[in-house]
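Engineer: So the chains spell out like this:
2 protein chains.
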Amino acid sequence: MTKTFKPPRGTRDLMPEKYKTWQKLFDTMQEVAERYGYQPIETPDFEYFDMLAAKGGGGEEIKEQIYYFKDKSERELGLRFDMTAPIARVVASNPQLPKPIKYYYISKLWRYERPQRGRFREFWQFGVELIGTKEAISDAEVIAVGVDILKELGLNPETIKIFISHRKVLEGFVKSLGVPENKILDTFRIIDKKEKISREKLAEKLRKCGVPNDEVNKVFDLLELKGNPQVILKEAKETLPKNALLEEGLRNLKAIFQELDYYGMLKFCILDLGIARGLDYYTDTVFEAFEVEDTRKVGSSIFGGGRYDDLIETYGGESTPATGWAMGIGRLTNLLAKKDLLPDVSAAPKIFVATVSHKIREKAIEILQKLRREKIEADIDLKDRSLGDQLSHADSEEIPYVVIVGQRDLKKEQVTVKDMNTGKEEKVNLDALIPVLSEKIRE
Amino acid sequence: MTKTFKPPRGTRDLMPEKYKTWQKLFDTMQEVAERYGYQPIETPDFEYFDMLAAKGGGGEEIKEQIYYFKDKSERELGLRFDMTAPIARVVASNPQLPKPIKYYYISKLWRYERPQRGRFREFWQFGVELIGTKEAISDAEVIAVGVDILKELGLNPETIKIFISHRKVLEGFVKSLGVPENKILDTFRIIDKKEKISREKLAEKLRKCGVPNDEVNKVFDLLELKGNPQVILKEAKETLPKNALLEEGLRNLKAIFQELDYYGMLKFCILDLGIARGLDYYTDTVFEAFEVEDTRKVGSSIFGGGRYDDLIETYGGESTPATGWAMGIGRLTNLLAKKDLLPDVSAAPKIFVATVSHKIREKAIEILQKLRREKIEADIDLKDRSLGDQLSHADSEEIPYVVIVGQRDLKKEQVTVKDMNTGKEEKVNLDALIPVLSEKIRE
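Protein chains in written order, with the working numbering: chain V, 92 to 534; chain C, 92 to 534.
Worth flagging that the hints you see were computed from the coordinates, not collected in a lab.
Errors might be hidden in some of the hints.
Treat identical chains as interchangeable: a pair holds within one or across any two.
[Said to hold, decoys possible] For lysine to any residue, the following SDA-like pairs were computed, each having C-alpha atoms within a straight-line distance of at most 20 Å:
id	residue 1	residue 2
1	Lys299	Arg464
2	Lys242	Arg464
3	Lys109	Asp431
4	Lys242	Thr513
5	Lys292	Met511
6	Lys199	Gln114
7	Lys109	Ser198
8	Lys94	Gly150
9	Lys309	Glu152
10	Lys199	Ile420
11	Lys97	Gln187
12	Lys109	Glu530
13	Lys161	Glu295
14	Lys328	Leu268
15	Lys292	Thr102
16	Lys154	Glu167
17	Lys461	Leu357
18	Lys454	Arg464
19	Lys111	Ser198
20	Lys441	Lys466
21	Lys163	Gly150
22	Lys163	Ser184
23	Lys161	Asp400
24	Lys509	Asp480
25	Lys161	Leu200
26	Lys503	Ala523
Quantities reported herein were computed from a predicted structural model and do not represent experimental measurements.
Whole structure, please, built from the sequences with the hints as guidance.
Structural biologist: Encoded structure:
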């Protein structure tokens, strides 16, 4: 016995049933995004490493988290770990593209993490990027695309909410507490992990970033500012320190929530200053969609994103504002399964053309091909089986109708159509076969 | 000015227009394959290197032709260079799957070759694999799927032909000339390159494989056996040496052409013993589709494949016969472009909702979202432009209809619909807007 082979660690094969489910979900996402005017784009699976590791993009430390390798000419490469950076690269090197640019993607990505239950090193994301506009309406638009996708998939404001925050509010706040410029991003990464580590640990990490010991609780208080945007914005204005950056963030949040109201999305949205996001490149809004129970987050985020006004410049482009988000197909599928909302991918009923004897195979194949030309999915025996074996094969494949082609019937220009559920057989004239079968499978 | 970044050497970005064209072509392929009962499958982009390099699969020498790398735990990996091997791996390790198995795929592949005009290191293939049947009808079925896809795309028997050959005929023949077992595959690879090298070079290479000097011309004669299957099969029987393997191959070819006749595909098919294919794993039929001018091949093959009855055993599975083919999207697109058959991917006409003043934006967004809910692609100004600028934007984007939302109209529950081609404007009641626009864009 020779060795068998598995997919590499952290990856998996997508067998038809799961893959068809995903394709159907991606079809919905694509359809909604196109209604909003987004166009598909795709980039290579690997990039030059210095692009992935650009400061403000992945940063040098990304090397430990990705598949890094060299080609045969010693060029340093890496498998892409997100699509925002490659798309920013495309826009940076194509300044002639008219703005705003609206892209969506359905792409495979890779991260070299410890594989865990439901967490793979190879994974798929759908996402949108809206590039070239700074206005609050743009942030509302990308959030609206995400909400409309989730609505189209059957989710509602009772099961899903978008939690929206602002990097400038957080930055202004922690700066006012004394956190130095070079520790700001670290602070965001700590806040991003706040549900995964203990309060004590969180406090310790914040102190290391320069938050004075007796101010740590103020950070905790800020992270609790969550709820109805009007109420929270008022509270934030009254209780938070006066600080230009922070106030700019609050004004921007207010404008975005106003637009979200116009878009009819307010019932899906919560202001939550506890959201920070882990990536370096966000400059303004950051947001994450979560399953909710009584407005409390359940599990991990379904999609997440934010505004990244500096990233295109990072890749050598003109200064270009941009906003967008990405959704992992895995978590979404889990949520939809839990809510019993997964799309039905059972194949359309198909027809099996069975042959009574070898002699009439020419006619049987003619019938088979005629069905297929009419876009009816049809199969024939490929293994030279007896009629009985053909019928049991059709039965085990749950094929609803079998067309039995035999010499005696053919002399009368007929075939026998067998309903595999009832066992009933009927003679059908050859020239009526297509309409008769079309009607049966449409039932 | 910071550095700009390019896609890695040999790869490219797929911008919306090209990507949408490809998607449309893939949609057609998928639709035809599904009519024939094929199901989608996808595997990881990289595999363990020892799987890619398995003897009978890629072989150890594949290392020089692929992207080879190690993960952080020193596991040897490689980017996949075809889909037949990974799918054979899946089938080998899932012996419970009922046969026949019918898979199709739309997948990215990588080969580390010198990039040339129209030849990329990252490329896409569509393909089908029919696994678990040995009968001639199976080879005819997979060829029929390929032909039906090309027909569906607008190609006809005058522009495209499938050239069909048989490894057992070639093997039996060169063995009868004295080529030793361990040089057979080399001979196939030489024959596969016959249009790329000179006759002298070809003769020299064949001699090196053990073809006696005065028999080289016999090989050339064999490679010229091409044309109507009945004629060529008769000629082959009369002129080729008696040899069990060769005769088995001829019998198989005869049976397959018989089935192709039943499938109505004969006018697309040519018997051509000059086809050998370069890959090691083929055991019986090999075939390639080419553009033709007066039945003479033009350019490179559009799709190619064959039977590989030993490959699943190579990956540790039970002995399982299989056949299939793969089609590169690049060459197909070039051919369709040449024949003016590329699908139209111009977006459905969309609507632009223009606002006269900032004040009525709430109402404008309400109209915008209503259109999108009706699956009408619609856009609004995201850059706070004047009405004039909004109209010129819509004009430059070739948007056919603009809905102008203004305060005076709104008081009468109306908006103005402007036909951008004629410049004509009309007042439309808000509650009639969807039907009016739906009809306009359907025209």
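Engineer: Each of the hints needs a verdict: does it hold here or not?
Structural biologist: Status of the hints after comparison with the structure:
no. : hint            : verdict
1   : Lys299 - Arg464 : neither (70 Å within a copy, 50 Å between copies)
2   : Lys242 - Arg464 : between (36 Å within a copy, 11 Å between copies)
3   : Lys109 - Asp431 : within (15 Å within a copy, 37 Å between copies)
4   : Lys242 - Thr513 : neither (39 Å within a copy, 38 Å between copies)
5   : Lys292 - Met511 : neither (64 Å within a copy, 62 Å between copies)
6   : Lys199 - Gln114 : both (13 Å within a copy, 16 Å between copies)
7   : Lys109 - Ser198 : both (16 Å within a copy, 16 Å between copies)
8   : Lys94 - Gly150  : between (41 Å within a copy, 15 Å between copies)
9   : Lys309 - Glu152 : neither (30 Å within a copy, 63 Å between copies)
10  : Lys199 - Ile420 : both (10 Å within a copy, 19 Å between copies)
11  : Lys97 - Gln187  : between (46 Å within a copy, 16 Å between copies)
12  : Lys109 - Glu530 : neither (29 Å within a copy, 38 Å between copies)
13  : Lys161 - Glu295 : neither (39 Å within a copy, 37 Å between copies)
14  : Lys328 - Leu268 : within (17 Å within a copy, 92 Å between copies)
15  : Lys292 - Thr102 : neither (33 Å within a copy, 45 Å between copies)
16  : Lys154 - Glu167 : both (11 Å within a copy, 18 Å between copies)
17  : Lys461 - Leu357 : between (53 Å within a copy, 16 Å between copies)
18  : Lys454 - Arg464 : within (15 Å within a copy, 49 Å between copies)
19  : Lys111 - Ser198 : both (16 Å within a copy, 15 Å between copies)
20  : Lys441 - Lys466 : within (10 Å within a copy, 30 Å between copies)
21  : Lys163 - Gly150 : between (25 Å within a copy, 18 Å between copies)
22  : Lys163 - Ser184 : neither (26 Å within a copy, 32 Å between copies)
23  : Lys161 - Asp400 : neither (31 Å within a copy, 35 Å between copies)
24  : Lys509 - Asp480 : within (15 Å within a copy, 65 Å between copies)
25  : Lys161 - Leu200 : both (18 Å within a copy, 17 Å between copies)
26  : Lys503 - Ala523 : within (13 Å within a copy, 57 Å between copies)
Taken one by one, the earlier hints fail for this structure at numbers 1, 4, 5, 9, 12, 13, 15, 22 and 23, listed in ascending order.
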